[in-house]
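Residue numbers (my numbering), protein chains in the order written: chain A, 3 to 113; chain B, 3 to 118.
It is worth saying that the hints were derived from the structure and are not from the lab. On a predicted model such as this, the values are computed, not experimentally measured, just so you know. Treat the hints loosely; a few may be bogus.
For lysine to aspartate or glutamate, the following EDC-like pairs were computed, each having C-alpha atoms within a straight-line distance of at most 16 Å [to be verified]: (1) A:K58 to A:D33; (2) B:K44 to A:E41; (3) B:K16 to B:D90; (4) B:K68 to B:E54; (5) B:K43 to A:E41; (6) B:K22 to B:D67.
Covered by chain A, according to a simulated footprint, are these stretches of chain B (three or more residues, beta-carbon under 8 Å) [claimed, not checked]: (7) 32-45; (8) 98-107.
For the chain B half of the interface with chain A, some residues (derived, Cβ under 8 Å), not all of them [as the list claims (entries may be wrong)]: (9) L48; (10) T51; (11) G55; (12) P88; (13) I95; (14) G110; (15) R114.
All C-beta atoms, glycine included, are put in the ideal place defined by N, C-alpha and C.
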Amino acid sequence: GESVGLHLPTLSVQEGDNSIINCAYSNSASDYFIWYKQESGKGPQFIIDIRSNMDKRQGQRVTVLLNKTVKHLSLQIAATQPGDSAVYFCAEGGGADGLTFGKGTHLIIQP
Amino acid sequence: GAVVSQHPSRVICKSGTSVKIECRSLDFQATTMFWYRQFPKKSLMLMATSNEGSKATYEQGVEKDKFLINHASLTLSTLTVTSAHPEDSSFYICSAAGGARLDEQYFGPGTRLTVT
Numbered sequence: 003g004e005s006v007g008l009h010l011p012t013l014s015v016q017e018g019d020n021s022i023i024n025c026a027y028s029n030s031a032s033d034y035f036i037w038y039k040q041e042s043g044k045g046p047q048f049i050i051d052i053r054s055n056m057d058k059r060q061g062q063r064v065t066v067l068l069n070k071t072v073k074h075l076s077l078q079i080a081a082t083q084p085g086d087s088a089v090y091f092c093a094e095g096g097g098a099d100g101l102t103f104g105k106g107t108h109l110i111i112q113p
Numbered sequence: 003g004a005v006v007s008q009h010p011s012r013v014i015c016k017s018g019t020s021v022k023i024e025c026r027s028l029d030f031q032a033t034t035m036f037w038y039r040q041f042p043k044k045s046l047m048l049m050a051t052s053n054e055g056s057k058a059t060y061e062q063g064v065e066k067d068k069f070l071i072n073h074a075s076l077t078l079s080t081l082t083v084t085s086a087h088p089e090d091s092s093f094y095i096c097s098a099a100g101g102a103r104l105d106e107q108y109f110g111p112g113t114r115l116t117v118t
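Build the full structure now, drawing on both the sequences and the hints.
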């Protein structure tokens, strides 16, 4: 289990580089996956989603990859910018069961 | 996309008082609303799910008499933290879903509650 006081995992990348944030999900029955961005003091902001019948989906500067075999989800952000600094959460859903959030990763963009 | 608002965005109250947080879906009918709690540097923890006109369903460990939820209309849900204590200080986030898929949620901006 998670230790009290354990900080979020942190990923630090140089501005302009690509970043990859990983997430392991737990429920093999989940068929919908979402990445959210959360800036300090704000609610989660939808970035991109993917259904279980796909393994890759691209948006503007972001790509989500889904590997159902190992229950792994990743978010790739291309050419990172200072505004990308935030905490990123993956979430899994199964339709009628709502959402289950991952622990989050703090992305820091170094100038 | 759909817009969900919360009010207030931040509130400070004294220990022992109650505070109400509103969650509104501005441009769609939210048949289901969710209330989450988030501690610093932690993920979102679901507190309860509410359906319009029905009693809320609380997650294990969440006191229903402590956190009163009312979902009286398709656009408004309220969370009342009763007899607040400093340990209730947290970031409270609501979300809303308008269809059968409860995993398609639109999130509010959150409310920062500080109990002194």
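Now the hints, each set against the structure:
no.: 1; hint: A:K58 to A:D33; result: 14 Å, holds
no.: 2; hint: B:K44 to A:E41; result: 13 Å, holds
no.: 3; hint: B:K16 to B:D90; result: 11 Å, holds
no.: 4; hint: B:K68 to B:E54; result: 20 Å, violated
no.: 5; hint: B:K43 to A:E41; result: 11 Å, holds
no.: 6; hint: B:K22 to B:D67; result: 14 Å, holds
no.: 7; hint: 32-45; result: holds (count 4)
no.: 8; hint: 98-107; result: holds (count 6)
no.: 9; hint: L48; result: 7 Å, holds
no.: 10; hint: T51; result: 6 Å, holds
no.: 11; hint: G55; result: 18 Å, violated
no.: 12; hint: P88; result: 17 Å, violated
no.: 13; hint: I95; result: 5 Å, holds
no.: 14; hint: G110; result: 5 Å, holds
no.: 15; hint: R114; result: 7 Å, holds
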